[in-house]
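Asker: One-letter residues, chain by chain:
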Amino acid sequence: MDRREFFKKSILAGITAGAAMTFGDFRKVFAGKIPPPGAPGPFDLVAVKDGEPVQMFDKAIESLGGMKNFVKKNQTVVVKPNIGWDTSPQRGANTNPDLVKRIIEQCYSAGAKTVYVFDNTCDNWNKCYENSGIQKAVKDAGGKLVPANSESNYQEVDVKNGKKLKKVKIHELILSSDVFINVPVLKNHGSTVITAAMKNHMGIVWDRGFWHRNDLNQCIADFAGYRKPDLNVVDAYRVMTKRGPRGVSEEDVVLMKSLLLSKEIVAVDAAAAKLFGAEPANVAYIRLAHEAGLGAMDLTKLSINRIKM
Amino acid sequence: MQLTFLKKIRVVVSLIFFIVTVFVFVDFSGLVSTRLIRALLYLQFIPSFLKFIDTLSIAAAGFLFVLILTIFFGRVYCSTVCPLGTLQDLFTRVSKKFRIQKRIKFTKPQNWIRYTILGVLVLVLCFSSIFLINLLDPYSLTGKIFSDLFRPMYYLGNNLLSRILQLFDSYTVYSIPIKVFSWPTVLFSFSFLVMIVFLAIYKGRWYCNTLCPVGTLLGFFSRFSVFQIIMDENACTSCGLCAKECKAGCIDVKEKKVDFSRCVACYDCFKACPEDGIGYRYNLKTKGSRKERKEKAQNAEVFQTTIKPSRTFLNLSALCVEKHKSTNLSRRNFFKTTILGTTAILSAKTIFGGNKERQGVSVVPVTPPGSVSIWHYTSKCTACHLCVSACPTRVLQPTLLEFGWSGMFQPKMDYHAEYCNFECVKCSEVCPTGAILLISKEQKSTLQIGTSKFIKNICIVVTKHTACGACSEHCPTKAVEMVPYLGDLMIPRVDEKICVGCGACEYACPTKPEKAIYVEANPYHRKALKPKKKVVDKKKAIKPTDDFPF
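Just so you know, the sequences run in chain order A and B. Taking the numbering used here, the leading residue of the first sequence gets 1, the next gets one more, and so forth. Taking the numbering used here, the leading residue of the second sequence gets 1001, the next gets one more, and so forth.
Be aware that one or more of the hints could be misleading.
[As the list claims (entries may be wrong)] Derived lysine to aspartate or glutamate pairs resembling EDC-like cross-links, with alpha carbons at most 20 Å apart:
1) A:Lys-242 to B:Asp-1488
2) B:Lys-1441 to A:Glu-250
3) A:Lys-127 to B:Glu-1442
4) A:Lys-139 to B:Asp-1169
5) B:Lys-1530 to A:Glu-250
6) A:Lys-59 to B:Asp-1546
7) A:Lys-242 to B:Asp-1537
8) B:Lys-1543 to A:Glu-251
9) A:Lys-49 to B:Asp-1547
10) A:Lys-73 to B:Asp-1169
11) A:Lys-274 to B:Asp-1537
12) A:Lys-274 to B:Asp-1488
13) A:Lys-49 to A:Glu-62
14) A:Lys-257 to B:Asp-1547
15) B:Lys-1538 to A:Glu-279
16) B:Lys-1426 to A:Glu-130
17) A:Lys-301 to B:Asp-1547
18) A:Lys-127 to B:Asp-1027
19) A:Lys-144 to B:Asp-1169
20) A:Lys-257 to B:Asp-1546
21) A:Lys-59 to B:Asp-1547
22) B:Lys-1533 to A:Glu-250
23) B:Lys-1538 to A:Glu-250
24) B:Lys-1512 to A:Asp-207
25) A:Lys-127 to B:Glu-1429
26) A:Lys-242 to B:Asp-1495
27) B:Lys-1543 to A:Glu-279
28) B:Lys-1543 to A:Asp-50
29) B:Lys-1540 to A:Glu-279
30) B:Lys-1441 to A:Glu-130
31) B:Lys-1538 to A:Glu-251
32) B:Lys-1540 to A:Glu-250
33) A:Lys-113 to B:Asp-1169
For the record, the hints were derived by calculation from the structure and aren't laboratory data.
Using the sequences plus the hints, can you model the full thing?
Answerer: In structure tokens form, the structure reads like this:
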């Protein structure tokens, strides 16, 4: 299903399209294309250490059976890194550009038709895209960098079982693409302790202010129940350990040289919290998502592949 | 001597100046480099003059070149460099094509209006106020027309194109949300545009020869130009063809005389004359008549005296800001003079519904980094809105009366529209008048244009007991930091010493209708301290572990 087709369909279906495209139905449409969770490999989560971003990702995706397990031929893919801030890659506020580049390359090798990349940034988006190094990375890899600064590109959807977040406007590429790969960077956050996979979703929605006004942690957990990414890649190469999520200088950054990979968004955030030295249960949105049954934050019950390079 | 080629040169030069200037005012992509913008605006008379009396540098001496040119050849500026002049000529030409235009007849000069306006303007300028300049300067008026009226239309067209391309899966053109639509400036620019179109069609260059202060001043100097356009009394057959072409209405066929003070040097008449009876002639009168020479000398004196008071004022202002040296006499004097200005602004604010009483709004508007102080800024800004057009984040937005009557339409930092990018100094690079002085990114990183004020009782964390931290997230210096509140909850705390006043916190704050954190303007911009190094307990510091912690 390409984008044009998607538009046609949504026009036909009218307003009900939004509701029909909620998580359950959406996954059913592609049930034939995407294998159910847990199928490709025995591992729920892969954690890699002490390598360069590109090598760590290659190793990790290989242990989950390769990118072909996630991206099928002629599928459209949306890669969502964190490009929120107008800072250099060394500051660790945005996802590592080398990692983003490698993921796009792998998607194309697996036969992807188009790989879109976007983020609804906090700072001026032009500057964020450019200074984060991601603009160049996407261009080099042949991906399509999409501006996300216009409300006209967002569509309202219902969040089933949302406690505080009932309706939300999300970027149409999330709805129209076949595969959604979430590529956050692990960082400190002033009020939610850490930011990683679940909080990265705030860059696919239009009105973040609503989340901040209406119990930020609950909204983050609610949205995790709407649409889980098909793959989460947590960049923990340069980790901003304080003054996050924007940081002030390179001195806020610790070289952790790690990478986490999982289909399970709650589990990957729990592992990220551990890397950060925090208990998952002390990160409110992880606990709330766990309690809502959206995933397990107890890592002892998961099969984890731990790779040291 | 046939000089008809002069018209061709004039048309080409004026179109180049006009097209690039206009594009700079509607463009959002930063396609035109700041160097080119600066070069382009170097010759704009009033901006250059205002910058020169402040800096006295050759880098701002464009107006002197214009004056020299005028002394030699008359008001060449009015038909080449001035964008409003070219705009009027365009309308005149179009109306001629459609035969709407009536012949502009020779009229007597409205000297009393011209010189009263110029006199008042100079007088006001001596009291370091910009009043009238911001309403009459032809460059700034054109700027407002294109920045406030045509720029939104340009954006809409662009956005439509962007949307169409997106249907074909192309993202090469991105859309620009129009966040703020400043009705007063739009209305003003629209009314002015309608007026100027009407005048251009029915009265030719009436504006330039009656209201425009630059036209009046240059007209005054062109009375004494070395070369003037003069009718050859012997060749002239009084056919009136030259006068028919003259859009300034300054050719008196009966008397066979050209009022050169109103001639905008468009050279249309050269071509019109079948007898070659009108053209540049060496102005012997200037050399011959002692009386006029004397007059000229006096004018020069008048001109110089107008510079002096303003210059002292601005030098003082620069002195005061320079690193906060110990209070000296000149500084105190400066404060005295500026108190007047402040009271004017504040009284205007109370009369016209200022912000003084409202919670969460700065008493005076925040001025952009590089503008030194509200007084420096308001006494320099001609409200051309180039910074509004050039600002990549669109935090600079026009005001109506927030800077008082004399500062109508001057832009402010509008933190409800956006916030100032920490790494950007674009406005200081493009400002042609010196209202926003050129600063480096390094200087900007510690330049405090205001400070954040936290209104605890309406903060989400206090009213709803839920996590937020949007303000601290966006803060580039971490002047707004999250500190423990109740249980796991964190609450913002402001360290004003390291705050630069960029407004990121105010913009991000989600509370409605009032924001729980806002920037209070520094009437005088100050120096902020560099962000502190955050000391973390070594035991608590997060370090990469040898093994996986799970």
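Asker: Tell me, in ascending order, the numbers of any earlier hints that this structure violates.
Answerer: Hint check: nothing fails, all pass.
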